[in-house]
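So the sequence lines, in the order shown, correspond to chains A and B. All residue numbers in the first sequence are consecutive under the working numbering, ending with 105. All residue numbers in the second sequence are consecutive under the working numbering, ending with 333.
Check the hints yourself; a few may be wrong.
Stated by the list, open to error - Below, in silico cross-link-like pairs of lysine-lysine (DSS-like), each with a Cα-Cα straight-line distance of 30 Å or less: (1) B/K318 <-> B/K295; (2) A/K18 <-> B/K186; (3) B/K19 <-> A/K18; (4) B/K6 <-> A/K34; (5) A/K64 <-> B/K5.
In short, the hints are calculated from the structure, not lab data.
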Amino acid sequence: MQDGRKMYVIMVYDIKVERVNKILRIARKYLTWIQNSVLEGEITDAKFERLKYELREAIDEAEDSVVFYLLRTTRYSSREIMGVQKGGEIRIL
Amino acid sequence: MKKTFYIFSNGELHRKENTLCFEGDKGRQYIPVESVSEFLIFGEVTMNKKLLEFLSQQEILLHFFNYYGYYIGTFYPREHYNSGLIILKQAEHYLDDTKRIELARKFVEGAVANMLRVLKYYAARGIDLAPYIEELESISGKLKENSTIEQLMALEGLAREAYYETFNLIIEDPEFRLDKREKRPPTTRLNSLISFGNSLLYVALLSEIYKTHLDPRIGFLHSTNSRRFTLNLDVAEIFKPIIVDRTLFSLLNKRMLDSSHFVKELNGVYLNEKGRAIFVNEFENKLASTIKHDKLKRNVSYRYLMRMELFKLEKHLIGEENYEPFLARW
Numbered sequence: 013m014q015d016g017r018k019m020y021v022i023m024v025y026d027i028k029v030e031r032v033n034k035i036l037r038i039a040r041k042y043l044t045w046i047q048n049s050v051l052e053g054e055i056t057d058a059k060f061e062r063l064k065y066e067l068r069e070a071i072d073e074a075e076d077s078v079v080f081y082l083l084r085t086t087r088y089s090s091r092e093i094m095g096v097q098k099g100g101e102i103r104i105l
Numbered sequence: 004m005k006k007t008f009y010i011f012s013n014g015e016l017h018r019k020e021n022t023l024c025f026e027g028d029k030g031r032q033y034i035p036v037e038s039v040s041e042f043l044i045f046g047e048v049t050m051n052k053k054l055l056e057f058l059s060q061q062e063i064l065l066h067f068f069n070y071y072g073y074y075i076g077t078f079y080p081r082e083h084y085n086s087g088l089i090i091l092k093q094a095e096h097y098l099d100d101t102k103r104i105e106l107a108r109k110f111v112e113g114a115v116a117n118m119l120r121v122l123k124y125y126a127a128r129g130i131d132l133a134p135y136i137e138e139l140e141s142i143s144g145k146l147k148e149n150s151t152i153e154q155l156m157a158l159e160g161l162a163r164e165a166y167y168e169t170f171n172l173i174i175e176d177p178e179f180r181l182d183k184r185e186k187r188p189p190t191t192r193l194n195s196l197i198s199f200g201n202s203l204l205y206v207a208l209l210s211e212i213y214k215t216h217l218d219p220r221i222g223f224l225h226s227t228n229s230r231r232f233t234l235n236l237d238v239a240e241i242f243k244p245i246i247v248d249r250t251l252f253s254l255l256n257k258r259m260l261d262s263s264h265f266v267k268e269l270n271g272v273y274l275n276e277k278g279r280a281i282f283v284n285e286f287e288n289k290l291a292s293t294i295k296h297d298k299l300k301r302n303v304s305y306r307y308l309m310r311m312e313l314f315k316l317e318k319h320l321i322g323e324e325n326y327e328p329f330l331a332r333w
């Protein structure tokens, strides 16, 4: 309510190579890059709709696939990483 | 929801592919533009006008600090909530002595009440603060009487002096003693922490003011002049004890900072890059932590509480509801 309803999304995609950069470019405006084909972050309802709209314009619905996992809160989730941590949100640069 | 980003390292911040990108020693880092509300820049950062245009369009603020961590200024995008009415009302309340004192008194009342709240918390944990609490309570009583801005400022100064004396009793680490509050330059570690924390708070409030119709140039307790923003300084008085001071008590009593986080330069003592990052992290956690709000009956963060304070001020200015400062409950 404070700033619109918000949630946490994990976005994974499988896109034909000629469009893959375009999709990454759109997603990076809203979410944080985690590793190849995966981004995540907190987002409001309205911005999520905008993200989906931009993506829908850019993908070929016959060939590409984008999956969002929506979490109302991250409170009951945890994350485990194996190997190298490639990306993630950094607010203190 | 939109977040504050801090840049301590050196590099270039630029617009790239319609989002933001910081390129420093550690390589390229993309920052989702839709998730940024402001940047606090401490490092040597290069940027161009194209970036400023983009930030202005996205309503993102840039706050700059110099090498010693002093606030130097803000890139404040052309106001997006322009309201001639509120500016007029702000000026009216400034120019009318009765109206100005009424507001100034509320800020000091809030400040002293919140200092008392902090002291009572530690008194309940067995630290003997009774004489200080008594003194602050007597000052608090005097605020009610009719007085001038100068008298209010003097009382506020007295309250703060007594209050700062208690820091030596509250902070367990003998490395962080406060003999005298000194600002320019801060001569001891604790002085430099208080100064740094206060500047972070001023900037956080300035950012919140940007989201309202208020004009940061017209304050009430602090005299408006041609040099600086003053409204954020007024409102900061209320929040210093509960945000800045509590942040530094918890940092020091948990021993998260030590001598290795400070540098001595130019007759002053300053936090180094690592120390600042630790401080900022704790400060951000504080702003994001929530308390149950009586009136709204839901949890709100301290950052949002600051914005509500400004909304209350707007209501006061347009004569809708008298302003009452936020008083911490614990």
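Structure-based check of each hint:
no., hint, in the structure
1, B/K318 <-> B/K295, "holds (22 Å)"
2, A/K18 <-> B/K186, "violated (41 Å)"
3, B/K19 <-> A/K18, "holds (26 Å)"
4, B/K6 <-> A/K34, "holds (25 Å)"
5, A/K64 <-> B/K5, "holds (19 Å)"
Checked against the numbered hints listed earlier, the structure breaks hint 2 alone; every other hint is satisfied.
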